[in-house]
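Starting from the known structure of chain V, fit chain C onto it as the hints suggest.
Protein chains: 2
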Amino acid sequence: MTQRTPAPFTVLAQDGAARRGRLETAHGVVDTPAFVAVATQGAVKGVEPRGVAESGTQLLFANTYHMYLRPGAEVVAQHGGLHRFMQWDRPILTDSGGFQVFSLGAGIEHGVGKVASMFPGEESTSPTARPGQGLVKVEEDRVVFTSHVDGSRHEFTPEVSMEIQRALGADVVIAFDECTSPLHDERYTRESAERTHRWADRSLRAFHALGARHDYEQVLYGVVQGGAFESVRRDSARVIGGMGFGGMAIGGNLGETHEAMYRVLDWTVPELPDALPRHLLGIADVPSVFEAVARGVDTFDSVAPTRNARNGGVLARFGDDGEPLANFRLNLRNAKYAGDLRPIDASCDCETCQSYSRSYLRHLLKANEQLGQRLATVHNLRFMARLMEEIRGAIEAGRFDALMHDWLDPVRKTARQKGADAEAS
Amino acid sequence: MTQRTPAPFTVLAQDGAARRGRLETAHGVVDTPAFVAVATQGAVKGVEPRGVAESGTQLLFANTYHMYLRPGAEVVAQHGGLHRFMQWDRPILTDSGGFQVFSLGAGIEHGVGKVASMFPGEESTSPTARPGQGLVKVEEDRVVFTSHVDGSRHEFTPEVSMEIQRALGADVVIAFDECTSPLHDERYTRESAERTHRWADRSLRAFHALGARHDYEQVLYGVVQGGAFESVRRDSARVIGGMGFGGMAIGGNLGETHEAMYRVLDWTVPELPDALPRHLLGIADVPSVFEAVARGVDTFDSVAPTRNARNGGVLARFGDDGEPLANFRLNLRNAKYAGDLRPIDASCDCETCQSYSRSYLRHLLKANEQLGQRLATVHNLRFMARLMEEIRGAIEAGRFDALMHDWLDPVRKTARQKGADAEAS
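Those protein sequence lines, which keep their order, are chains V and C.
When the letters of the first sequence are read in order and numbered with the numbering used here, they come out as residues 41 to 465.
When the letters of the second sequence are read in order and numbered with the numbering used here, they come out as residues 41 to 465.
Pulled out of the complex, with its shape left as it was, chain V reads as follows (with noise of 0.2 Å):
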């Protein structure tokens, strides 16, 4: 029984503030900058594990929230851990179900999901919202909620996030948070975080204290939280990262725009330790992918390339004129492919890109054939995986800024141009 804190993480190549790294697992060396795929209930939506794990896919994200609620940690435990329950034997992380605070509970009662679902290709990961309907009660010492799937009333505490995770048997696990709304003022974000910062002691406590209860090798990451305030964020960010975590978690409301979340990100990197690896939660869009490697990101899980995958949204730099496409995606719904017989993307080496046409693509997700969201779902998988290749090939060279150039420029010269078009109109 060994207990790795802080985690095995190497940072192998450094160019600027991006980062080439290398964080060790149980079940594997993740290379990092990396995508992580998030598969909530324990499966990738659509997606047996192969073709998971064919698609270069190195790491899963499963919620705690959703495994305790069913089938219940305990289920997953007697199997010996979530590896051997989805037979994925390549690296997973847990939340700490401190998301799950946010969005069936404040962010029900704002009306409002996750900030990611103001950005372009982002969207809403909270469930069925009805304002004042809160179906949570953040108090100090727990958090007390009602289930989305019976109704039934839960509680969780810091010492119960860890016992679940312990119990799922993660290769990384994320200290109990709460996960503020943009809506919140300065005042209730500050209050919060001060909160989250004593859950976070009562989560490295019970980690260590829990670590005989089953025989897993697991990493646990602090949550940075304090919303879109500088001091807050600031704080946050020197109180999780002098704590003993194994790894660092940049969670909560990044503000309502990619700029305002790039400023988060400036205050909030600076402060952590170099040594840990740093996950930027719930964001994975292109831009914000490069923005974030830019600043010292290594990590990162969206649910957008497969959520959009499933509604036709595959990833694509370029359009069917060669022209950059600002939002990196192409709309297989879309009529004009229903006799299309080139791949989605002729230069993409993923399954579907090597056989399938958007023709039957589309004709796939038009008539509501799963196999249409599946294949779509393992060319978007392909496409983050050959991007972080890309990334983590132009940290080494030392050429990550002039890559993101390459990538950004064109789109924001479009972005920019509409705007002068508009406003000449």
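Do not rely on the hints blindly, as some may be mistaken.
Pairs count within a copy or across copies, as identical chains cannot be separated in the list.
[To be verified] Computed list of lysine to any residue pairs in SDA-like fashion (alpha-carbon distance at most 20 Å, straight line):
#1 K406 <-> S192
#2 K376 <-> E363
#3 K406 <-> A117
If you are wondering where the hints come from, they were derived from the structure by calculation, not from laboratory data.
Coordinates of chain C only, in the frame set by chain V:
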């Protein structure tokens, strides 16, 4: 450009009336008796072609009506046919579209689906049926119908059906027919069968006339109709059997019970040419497969194994207590599987049974994760493939009858016992 009539079909061994055969196609050999998995819209629901192939599935069944309406036969033809469209390089069979005459027309007016829906383990294949709202009009020379996709009006004739199936490029195609309902009387059933015979003649002529249009090697099967009326069935079998088709399909209303269907087969099969392969349309529950093979049927299609899988009904011979299952199914959604770490069937070599617990499968199905439906489908396809392998082996060894008794006697005993218990109570 070759037109092979009759089909290159060889009976390798015979055991009673049961035949162990080999059907040669441009996309490989089908060992018979064989189960044909259904890919209505050009995809086995939820399973990528590799997974289908690995299950041992030899042959897929795609629906002409569905492919014609969406994406359109011309789109499939642009790809070079169904095989390339859907990336399935093994044999494919398409139906005539005529079944939709029933399932969208009389089936709706009479408020019944295909007769198979009355059998345990089978479900109606008719679309959202609203009695009295017939969408189809059968005339001597054509069928006019309304698309279930967009309400547009269409017309099928034998010539149109052949043209569409030629464009789709399946290895086995089927003559245009009308499928009668159990509620049609003998007089209508006879009139309809005679019309189907005239359509069969037109289908044959059109098939040969279209030979040069596409470079596909295809075999055309005729369809025997006649409902559950002995003289109509016998007449239809003799007429269709003598027309020069490459194979025989047995379709339409097969009676309202298993026993009635066996009688229909008793009347039909002896009238068919021995040299031609025989396909039973839309029926593949375990007892029916045995009884039909015993009467000389070679291939079977049914949506039941794949549709039941998506609802959590996985095929198995024995229950938890080792007792034979009367309906050859476990319902994985049952609460008793929540913590069951065993595979569906420890003796099964499918991808699902090799890796996943009943507990995980139940979790996925309860959580509406598509992967659960995929994994259950893969198992059911493998179950059918293994069943057919076992049947082929038994015919070769001259012990088919023993195998059938071995599978069916305990189940019939159970059914009789239940009946006796019910009477006694």
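Outcome of the hint check:
1. K406 <-> S192: between (37 Å within a copy, 17 Å between copies)
2. K376 <-> E363: within (17 Å within a copy, 56 Å between copies)
3. K406 <-> A117: between (40 Å within a copy, 19 Å between copies)
Hint compliance for this structure: no hint is broken.
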